[in-house]
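There are 4 protein chains.
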Amino acid sequence: MKETAILLAHCKEQKGILDSVTDFLSENNAETLRLQQHVDHQENHFYIRAAWDLENFNIPKEKVGEYFDTLVAKKFGMEWRIAFNSSVQRVALMVSKYAHCIYDLLSRYESGEWKIEIPLIISNHEKFRGLAEKFGIPYYCFPITKENKHQQEAEELKLLAEHNIDLIVLARYMQVLTDDFVSHYRNRIINIHHSSLPAFAGANPYKAAYTRGVKFMGATAHYVTPDLDEGPIIAQDVVSISHRDSLADLKRKGKDIEKVVLAKAVWSHLNYNVLAYKNKTVVFG
Amino acid sequence: MKETAILLAHCKEQKGILDSVTDFLSENNAETLRLQQHVDHQENHFYIRAAWDLENFNIPKEKVGEYFDTLVAKKFGMEWRIAFNSSVQRVALMVSKYAHCIYDLLSRYESGEWKIEIPLIISNHEKFRGLAEKFGIPYYCFPITKENKHQQEAEELKLLAEHNIDLIVLARYMQVLTDDFVSHYRNRIINIHHSSLPAFAGANPYKAAYTRGVKFMGATAHYVTPDLDEGPIIAQDVVSISHRDSLADLKRKGKDIEKVVLAKAVWSHLNYNVLAYKNKTVVFG
Amino acid sequence: MKETAILLAHCKEQKGILDSVTDFLSENNAETLRLQQHVDHQENHFYIRAAWDLENFNIPKEKVGEYFDTLVAKKFGMEWRIAFNSSVQRVALMVSKYAHCIYDLLSRYESGEWKIEIPLIISNHEKFRGLAEKFGIPYYCFPITKENKHQQEAEELKLLAEHNIDLIVLARYMQVLTDDFVSHYRNRIINIHHSSLPAFAGANPYKAAYTRGVKFMGATAHYVTPDLDEGPIIAQDVVSISHRDSLADLKRKGKDIEKVVLAKAVWSHLNYNVLAYKNKTVVFG
Amino acid sequence: MKETAILLAHCKEQKGILDSVTDFLSENNAETLRLQQHVDHQENHFYIRAAWDLENFNIPKEKVGEYFDTLVAKKFGMEWRIAFNSSVQRVALMVSKYAHCIYDLLSRYESGEWKIEIPLIISNHEKFRGLAEKFGIPYYCFPITKENKHQQEAEELKLLAEHNIDLIVLARYMQVLTDDFVSHYRNRIINIHHSSLPAFAGANPYKAAYTRGVKFMGATAHYVTPDLDEGPIIAQDVVSISHRDSLADLKRKGKDIEKVVLAKAVWSHLNYNVLAYKNKTVVFG
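Chains as they are written, first to last, in my numbering: chain A, 30 to 314; chain B, 30 to 314; chain C, 30 to 314; chain D, 30 to 314.
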């Protein structure tokens, strides 16, 4: 596999951005593998993702970011990020009591479907310690009460920092994170909500869906922001239901789309396909 | 095509209902073509649909209802209805200014996809008078203001009664019907809402969906009840969207699922597949 | 949870079957929980599934089958089966080298999503021995060559018989089973094919789908019959793809629908919702 | 609405194409609205679509093609096309005896959903002459026999040429077009096949799907090539079916996805989103 650089950037729409980026690439002898540009005309905002082969690129890998910042990004006031497909991302999982997502994520990890590191699992319950051991992953349990929440989160943040975590995946973690916690990992915490947001936000969406008699129910993976269930949506999916489905059937069907939607969102993030701005995402790929 | 009777009934779940119905059929020499029973264990409510060949049935067609009521329904306190596949239902369309649903319904009607009568179209605008004439259907325009609403509805109800209307289809009719109007056609008015309810209830769901950045949008066909957008859902569908879709794209994609979902719900109703109880439907078939 | 009996039966369509079944139930004081009848008018074939509460049923549990056979089934030449929700089914898994389905099935098992026993895993490779041990399940490896196939299958059949296996799930088992093997478990072996059959039957459907440029790809779970990829389909699902998806993306997306479709089919089977006749299934529920 | 130019181009993947295109745009003062590039690494083929505002573009509209050809396309051996959003495309419909697609296309046309001209409808039957008149569109009937096929097609081609037809839409036209006919409108004839190709190619896919007992059926819109049902696929969709669906239900459900999928493909083509190369399409947008 060839070593590839990936640029993700966004800024206010202005003239000449695209040309400036492609010039940066071509003048430095990049072989562009894929370039995708998007303008949100409602927000007047510009997004770009470009991937190129590093082999004959004139700028040394460790200088690419500095050069891009100087030659392109500063000119347009870009928020940007350059990543390399060779880097192995470090992902922390947080889980409470539901099994389907954590099993699914660990399976993808252990079977080699995802090339990542999972240095630790954090939970507010002891329930999955045995599972974590089975998969050889350190498990840290921080029971949360109203009183100890800030202190426990501080411990968690310390652990996450020590392990150089790039991404936190909430695999049905049932505690609301504080704004402070979230601010340390902006657009780097992915949660799965068990409904097709904005329908059935909040607690117990299965029950609400059953009571309302909907014919489809869904799952939503989103970046966590201080506003609960309001973060930028990365992926959603739905499954059809009917009067023949009991509440237990809804839960069962829900689990299957939740784990798949969460994995889809995590995959998009891990492959540098997602840009979030305000309350929305651009998902290239 | 054989003449068929269809029973739709529901009541509080009790012992012996199913056997009572099948005895009624077999003792009178029915050839049962399809029988579907459902119990909602949350509501403890029983639903049944049965279709049988009338050819050798011992009870004369015009007496079937009376006998069923006496021998079965009264015993269990059933709400019931018996229909015949040979009857041609009379459907009124109501429309405001959006074209996609009314064109679609008229196309299904004229091409013979649906064996129904459409004796009239009612609108609060003149816009589709030409279209109605093209399809040979009388068109009545009742402009609605806050002041004249009740009076105009009274005229509409008179017309609908004169035409022995069985079902009213709101093909993107943008006026809220009064409770009084709705009470005349309980579970006989089908509306299409341009979102996947309960998400984006109310006005301008496309805009709301676009602004929220959802990855799926939907359409919902439901019986109209006094609570706006809260009636029993008959059919829903969704379509995937992405950041590449503009607000205009959402509207375009929405139109296609709206007309198909509305038609699906109307078809289910016309084929006596729908039972509504409280806020939910059972859709057999 | 109440103890429930489930009847699954089918036979040539004849007059009086339904009434005969409901009489059998009501005369013996059954509380019918759900009854679903279906007639395939093309094949003129009758299918029924009925579930009832055993609590006040007059016939003792161990005699239900005998009585049903005598009083109903023989009269109509039925193929039938009566099961009890209290019984724990014994499921054998067979796997070759792909991880996604076996991980998914084991996760559902261990997390208690499915109340079953998995007494053994059979493979033609050593690859998943460690995984099996991790989940505490005996693992038997039978490498298959053209020469030893019949002998190895004989060993496998012996093992399966010793373990009283009710259902065999092929979790991406890449060997074709002989007709003899299949004949021991008619409609009790479920396979997952990695395409939306009948499209892309045979080897390497991902590659074929990629080359053909389809916009959807699928997965199909079916009972195994002597005709490869031709058995009765229990469940299917599809996922949309585009030119942006590489062959690797197709494989990744395929895995996710395969494991979910396989689980859906197994669930339907385990809940006595599936009747197969000739080349088709009726899937109640 | 601003006047926009759209470039669609493809060629063998080579270094510098993307930069050459963006230089062409930026050096001539284009405001790029959207640029999408794609490389098919299996075929080693490059695709690009770019849309830009013509307002301040230095090259006069009528010279854009010539300049692009000279300055960019020739260098890379591109097949290319430049279109303007202000041009109104001229679409011919061909139909045999099924109503759903032709009604749907005419509805979109008359209601203004699509800004196109439909100068004529061609059929091999008289059936829809009345419909065409209703919508004010000239209707030409060319009955086809084995003997007269080439002669009738010659007449049709003459008519199509006289009307400067840009695109031909086969709205369930049941005659196979000759290779000669097809060669006049390469990648400009869109057909709808009533199955999810490659499943159930050829005649009577509904019946085949019903007999096989599939749980999903589909529709496929593709460019017509000399190989029947083998042309590049533009759009597909599927709908779930069950044992409860009769063959008539399959036909009914099929109609709804056919008309929507056909419309989706035509829309993509009309908006210059489709590039076909060999047997596949790239569908931007």
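There may be inaccurate statements among the hints.
Identical chains share a label here; the pair holds if one copy fits it or two copies do between them.
To be verified - Listed next, the in silico DSBU-like pairs over lysine-lysine satisfying Cα-Cα at most 35 Å (straight line):
1. 282 - 103
2. 178 - 31
3. 103 - 309
4. 156 - 280
5. 41 - 280
6. 103 - 307
Hints listed in this document are in silico derivations from the structure and should not be mistaken for laboratory results.
Of all the hints given earlier, name the ones this structure violates by number, lowest first. 1 and 2
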